[in-house]
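The lines below spell out each chain.
There are 2 protein chains.
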Amino acid sequence: MANVYDYAHDLEKGLRESDEYQGLKQAYHAVMNDESARRMFDDFRETQLDLQQKQMQGQQITEEEVEKAQKMVELVQQHPAISKLMEQEQRVNTLINDISQIITKPLEELYRE
Amino acid sequence: MANVYDYAHDLEKGLRESDEYQGLKQAYHAVMNDESARRMFDDFRETQLDLQQKQMQGQQITEEEVEKAQKMVELVQQHPAISKLMEQEQRVNTLINDISQIITKPLEELYRE
Ligand SMILES: [Ca+2]
Ligand SMILES: [Ca+2]
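Top to bottom, those sequences are chains A and B. Oh and the first sequence: position 7 is 1077 in this note's numbering, straight run, nothing missing. Oh and the second sequence: position 110 is 1180 in this note's numbering, straight run, nothing missing.
Worth flagging that the hints you see were computed from the coordinates, not collected in a lab. A couple of the hints might just be wrong.
Which copy is meant is left open, so a pair is good if it fits within one copy or across any two.
[Said to hold, decoys possible] Taking lysine-lysine pairs in the DSS-like style, the calculated list, with each CA pair at most 30 Å apart, reads:
| hint | residue 1 | residue 2 |
| --- | --- | --- |
| 1 | K1083 | K1175 |
| 2 | K1083 | K1138 |
| 3 | K1175 | K1124 |
| 4 | K1154 | K1095 |
| 5 | K1083 | K1124 |
| 6 | K1138 | K1095 |
| 7 | K1154 | K1175 |
What you are looking at is a predicted structure, and each value in this text was computed from that prediction instead of being measured.
Using the sequences provided together with the hints, build the complete structure.
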């Protein structure tokens, strides 16, 4: 009988070969190989992380910061390579969330009893 | 070729059949079927969740609350069925964390590039 780790490694391989992951990989490389896209994407990520950290720490977010963040969202959405990357990230996130729900079902069932 | 969801379901079945999960299930039922153990365990969980929520919301935790929580930890650690349950929970948590690290490796690799 295969053990849990064997199944986990099979799943990891399956994920690696999936359309979702392959699509993300392509989209990620397309952005990373384009200097200006890469810089825009990095700026965007940094801005998002900064805002998230401030929110978690209960710090005030200024109107200026909100406006800056909104402008960056608009910019990246209009950038074909970056918006493609974000779309592919969303697909992989959905897949990972689905997987997570599937494999935690036994625990959920037990504690619901 | 199997798809990612097939692999995830195989893993879920493997987890369900694992010694770790079966041990947790037994330990959980042992506590749930013992009225006083169950009540002690529920109290313990509630106290822990309350404290966690207060911490997350940045609320002050009183010395009394800390002492109450510590006493409960001592109580449940001395209770054979409950301490067994907590030990089994720890084993399953370790397994789930290991699995999670295995299956998110492709993403980690990609973003590390
Ligand atoms: Ca470059
Ligand atoms: Ca009972």
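Going through the hints against the structure:
no.	hint	verdict
1	K1083 to K1175	both (22 Å within a copy, 10 Å between copies)
2	K1083 to K1138	neither (40 Å within a copy, 47 Å between copies)
3	K1175 to K1124	between (34 Å within a copy, 28 Å between copies)
4	K1154 to K1095	within (11 Å within a copy, 44 Å between copies)
5	K1083 to K1124	neither (37 Å within a copy, 41 Å between copies)
6	K1138 to K1095	within (28 Å within a copy, 51 Å between copies)
7	K1154 to K1175	between (32 Å within a copy, 22 Å between copies)
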